[in-house]
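These are the residues of each chain, in order.
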Amino acid sequence: MLLQLKNIFKWVNSGGQRIFLLKDINFEVSEGEFISIMGPSGSGKSTLLNVIGMLDGFDEGEYHFLDESVHSLKEKHRSNLYKEYIGFVFQSYHLLDDLTVKENLEMPLLYKKYSSSERKAKVADMLDRFNIVGKKDLFPAQLSGGQQQLVGIARALISNPKLILADEPTGNLNSKQGEEIMELFKKLNDEGVTIIQVTHSEKNAAYGSRVINLLDGRMI
Amino acid sequence: MFKNYVKIALRNLWKNRLFTIIGILGLSIAFGVATLLTMDSLHELSYNDFHSNGDKLYKVFITWQIPKGTEVGTSHPTPFAAALETEVPGIDKITRFVEEEALTIYNEKELGLDAVYVDGDFFEMFSFPVLQGVRENILTDVSSTVITKSTATKLFGDEHPIGKTVTVLINGKNKPFIVRAVSADEPENSSIEFDIALPFEKHPEYEETKERWNAQYHSVFVQLEESVSAKTFEENSRAFTNLHYQGASENLKRDGALPNANGNFLQLGLLPVTDMRFVSYNKGYVEISRAKVFLVLGVAFLILFIACVNFVNMSIAKSAQRLREIGMRKTLGAEKRQLFLQFWGESLIVFIISLGTGVLLSFLLKDNFKTLFDTGATFDILLSPIILFIALLLVLVISLIVGGYPALLLSRLTTVQSLKGKLDSSGKNHLRDALIVLQFGIAILLISGTFILNEQLDYMRNKDLGYDKEQVLSFPLNGKKDSYDVVNLLREELKNNPNIIAITAADNNLGRGRDGSQSSSVWGFEYKGKNVRTNALTVDYDYIKTLGLELKEGRTFDIARESDTQAVLINESMARELEEETPLTAFLPAGDSVSFAIIGVVKDYNFQDISKTIEPLTFFLDRERGLTYAYVKVASSNMADSFTSIENAFKKIEPNAEFLGSFLDENVDRTFRREKTMAALITSGSIIAILLSCVGLFAMSMLITNQRTKEIGVRKVIGASVASVTYLLTKDYLKLVLIAFVISTPIAWWFANEWLQDYANRINLSWHFFAFSGVLVLLIAVLTISTKTIKSALANPVKSLRTE
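Protein chains in written order, with my numbering: chain D, 1 to 220; chain L, 221 to 1024.
Since the hints were derived computationally from the structure, they do not count as laboratory data. Everything hinted at is true.
Only part of the chain D face toward chain L is listed, based on derived beta-carbon distances under 10 Å:
(1) S46
(2) T47
(3) L55
(4) E75
(5) K83
(6) S92
(7) H94
(8) L95
(9) L96
(10) D98
(11) M107
(12) P108
(13) L110
(14) S159
Residues on chain D that point at chain L, a partial pick, calculated with CB under 8 Å:
(15) N50
(16) D56
(17) F88
(18) L99
(19) K112
Glycine included, every Cβ here is placed at the ideal spot set by N, Cα and C.
The following block holds chain L by itself, in its conformation from the complex (with noise of 0.2 Å):
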């Protein structure tokens, strides 16, 4: 019985060849699509999932009530760590962490690697396990060390890495450590990386700050005991912020804060590990989102449900053409039972052999997917039985409704209607009508998705930022050397090239650089009897002139007065902030008796990501702070040539350093890259929606239009013109466009209007994008179907006719 039912599926599946392979096809892409996102979204879920103590591990914040709202913070100062531990019951193990950038020296060998500062608890409290070296007290000698075993290799090679003394250049200075232990790399999934780590009390700024409570610079992470539940942690943590910010807290009452419902100026809140991946501060709270991940799941889920219509009508299509089978199988004797089994059946192999062929493309796909999308997921985040075994079912279930309906639709018609090879129904299919509109809604969400996103892409790269973008590079002072001697050198090193315009410097860079690395610095004093919060940024002379910035109100600073290194620009939002009608006469106070000169006004420019609005800034001319980030101006003419020999002149300076050098248009787009890649995601779902849509159409049309061949014959006989044919077969899906057009738009419009919200700089929403999404949708359904209708409109009708 089995093998009668496989042998008639696979002669009735090639039998109807095409169909059969349209809808392989389109599920195989489909499977094949839906494996990546689902790859690529457990991916994103799984991050941070794999530390053995991961429910009792969270980050610190702290949240402000401002004037303005609430403001979150998740940096800390240098003795709150101790101080929460000792006063705040339920603390197991906590540690401060800080993440920079650390040039490791040994022998000649010299690397930028990622250092990270931290405390003892460190280790036993995320698992980063050991692998070499000792396993306990580790870092507690702060002349230790511990290095992850890639970077082993990077500075040891095969040599044994224990004991080992590597030099890290820490403020300029020289300090060796003694490699004690070797920990494993850590996974692509998790959210601290890390090449070394260093004892916290090694840290540049820990000397100087370990009495201090107002310089917050880095993150502080708590593992709870097992009886403690982070509310309750929380909540008992209220003294001990009354205690040590009672300064703070009152500040924020004098400048008119309202207080949160437990009457606090500051409560300190718990976030979980496992959440750090999709947390938010911007909105003033802990907002944690993960709705990118479901946004890339809806998307497979999407073009799988569009897959999916297509098979169904197509099976309720081709069934037609079976009623007699069916009918002659009941007389023989066929039960329902049997028939639904072997219809499903069938639907069964085309949905295997999908499933296969769906996997296999996303196998050999997945390389272009993980560069894409920019996700490091692999394929074995799919392989846990789990998984698996969920996927299987999925794809049962599936097959159950979509193999199985057009079954069950089937296997119940009577016998004798059967016989005849009339389906009932008078060609009306509301469910098939439904489905065509529910597959071109989904289209036509996407693709007004799609253009809006990169509407909004392009405003964003094409945006005047307020400075020269495209002919100013940054590159990062990597190197050895004293980065004012570095930026002199390189002066020096470049003054008789005519396409070089400017050199200058910053403790900053514009958007993202390749070093990746983006930082903020912020400075808050006391004002006026009033709280001031600024962007601080530290800078070398001729800042403003090589990023052509425009000077509002005053000077720049001035190498030939040496008070300058007292004085300090500011922008227009700086100025706001200050309230001061003649900015150009106050003084900002730094510390008990020193202020600040204010001696120029610079225009706002976007110095931070374009979705921020401008915030108020301060530069500064401290030559105490060391630069990170060279800005050079370069002529228009001869670009590449110039960055040539700027890479050159800084090789030569410093022969060891990596120069990552970058234009700042590129920089900024780098700042995009989550834009991007949606961009990329929606982009590409659209075209697969819009294809998959079609094939489907293109299908449902070559079926119809057979069904209704007498119709069309019938009706060119009385003297219906070709067109007016053409026409009527062609107006039922227009009809079913425009449903879909009028559903879609103002969902789509409602997604892109909270999306584009997130921006400070956003395009307005127009009615034209949807229009055009609309009428291109319409466009390429009517070239789909009108191929076949117009060919059956000019057939003759007495061909047609004979066939009855």
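Next up, chain D with everything else stripped away, as it sits in the complex (with noise of 0.2 Å):
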């Protein structure tokens, strides 16, 4: 098991009133599945995306990751944690704009203290599986929408993450494009890597073994 989900609330307080993002969540996700989580505009999905990724907190419930239980570790653990299993993936790809290609790679290992050789290896690595040696030095804004994506996707994984989070990846993109992504989440989920997204589309919903529907804050 990778991690689990146990009662989980979130709310916030508006006028005196209560209102629930997240009302009692509760499921497992186990190595190797690719999960999508489905729902309305406003169901709650990206926020159950955040707080399985640890940016978000939440007001009540239990949730472990591998063995440890988030809810009660501190921020800077929490932020270890997320930042050693870890990928994050985005609508709008959220690339550093003041960075080349090679240099948004190298990012994540910077803040996990990898050696310089080290760095070099796997940008070297991860370039080259992605097909993307020669644009390397080009920045973000030289890039394609879809191009972006594979750059963000790239550096979701650099890090060799457990997991990896994608918040409708491919809603910047045409059909083509994020064909293509998807294409190489399931090649990503067949080599062992755990996938949860958050779509809108049933299309893409059927690439993951598991479909989470979302209401209101409610599992359905």
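With the hints as a guide, bring the two chains together.
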């Protein structure tokens, strides 16, 4: 088992009323799964993904990641945990505009204190694997959306995470680019990477092994 | 990692070139100005700190209880020093000291040197090291002299100076002196300046006053023994003053003076030599104030502050663009500390570049600065390790605060928040507003200061001083000949020149001449059972006429009446001091049997600095005393020609003397040197302050307007007019400037009022100075921001909305 959510609640107080963003979420994820989270706008998909990715907290419930109890960890430990095991892919790529492709890939390694030679080797490896060696010195603005997302995934993968969290990874792409990206995810999943994606599209959800449906913060 | 930070920092700075340049420019100017002003202040503060016995050296002053309060004197009678040394315990060394101009002759060379008459201990007390010649018992032989190195070069060129005989003109007589030693030139930061040191016994007043306690004309310096404090010494000296000033004490008591807390009418005091630069006796007590230095440092600080505020505000405003980067870095595993270091590092780069350019700037401008501010400060003073260390530490601390605060704000944002690219504060930023208010407050403060200072200067420059300053020129009679002969020769020489209206002379100048000296001579005597003190001025015939003074009563000195050498003129203040209904019938006692008849009363005129009230003055026609300054009144046409012909005439009479003539209005101007320096400082300070504030405001309005593009678009779609949008965007800033005005005006008023108290003749502080500076700042601010706001108000709303 990779992670487990038990009775997760998340809410905000607005005008004296408690509005639930997540309500009693329970599920487990095993290693090697490819899960799609679906639901209409405002149903809490992204919030759930952020909670799983430890970017956002929750108000009630238990969250176990590997053998750690995330809900009782301190900020610093939590950040070490996700730094180590989780890679993120975003709808709008979130590449750093001021850095080249190569430097963007290198960034996570810098924060993990890899040595310079290790970094070089890993970056070269990743550029090779995604066929973007020729673009390594370009800045994100010089790439197409699909290429940017490719770099985004490469960056998420570079430190060998156990889990990839993707928030509508194809949302800003055209259908052909989107298909390519989904194929890539499928391939990665086959290689053993666990993937959780948020998506609107039934077609994309079909790539996954399991679907979690959300409505108004509840699993249905 | 580090390389990566530097790389991204540089790219970021380059991407925001305009703001980077504005930031660097502002900080560079501020650092440059701060460097120069600090240099000046440190130089001022370092005055007289080079004496190795410095903490034991004091100047002796004496506080008198007079009927009007207290009065401080630093002049002492000839026997004072010797008596003090024997009667009051604790004195290690003591010297009398008086500074005078002395014409020094060696072979063909004649030099007007700055001479000090001192006792033998002088060179042991003060650190003016002897470079050549004897090192002990200096000046004990009354025919010996010590000259400075530069004087030696001037007098002897390459010749060996020791053992040479020079002649000094003292009291019209040539006196020979043998050069026994050459001392190092005094440092720039010395209050005691001299070219030649002569034995005190050779002072022109010495012989006559050897035994007299009532002729005070020189100062006294003491070096106390290790174990004695100034306070103990002052307490121990009471018996001494009671003994030697018994008569004076009784007179003071009779005139209605109140004794001090210890029941005495006179009290000796010691002023540390390190305070000599900062002392003022004008208020009747010893006032040591380094306020001017701190004002200079204050201006430096304010300018630095303004530049830093710009930097903070721009950093915060700019950071909105970098929220996504921060969020992304966080998801990639960046810790708060790492983010903080990254952003602080970026600021540090800007700071280091600015510091470099700033110091370079100050280096390039230092000569202009020295002329403008009339300072002898050099860069060397900044090069001491401790100063450099403090400066470095200061820069680091400033960059930590200025760069660190925005960095802290950014690193504290939560990941999800920053990924969304929105700052949660809804456009209201109290810190930013407060900083802008402070910035403009400072600008308004400095600008009102500028107006008030310049107005006061103008007032003093244009005030009717009671004499003709435009058409009269004066010059020192610094030659070898007898001064009365010189004046008569001048009259003879110039009598056929129609442009020369009158010629006279006196033993004092008006204002400060090109020779840079100013002096006063006070005479006290007993008149009808009461002590009267008056300034004394020895004049030649035609003084009243030449200077255009107004005679209130009586007549002026008449060359036809020989008895006039026993007569005096007085001014109105003196007449009031004497409390005589009919002053023309009165006589002033001058010694045992002689008395001076008052023959005329002159209307009060400002014979001293204009900052002072007009004191009593008595004019003598004392042919025994030498004259030191000649005055010539010229016609209002061809003044340059007249000047040249006077110069030529003087050159003909005194071929070896330097002609240092200048018109009296220039002399008066020179007495405002301090005020002019201050005006220059405040004026340039306020210009820089307002410039920097505007640069900051411009950058801010640009960033904030950009952030509000969407709002502007929405408002226009809904139907807002260009004018109303412009107003909306400008309004917030105007409010801030108004708040700044309300806060800083009372402060400016208080400072200006305090400062003006030092001037007997001063302008009235009226509201329009402050209103004007407020309006000026407001106008400049509106102009600065309106270019940007009008442009964005005019922009097509579809365009601005599409960006979302």
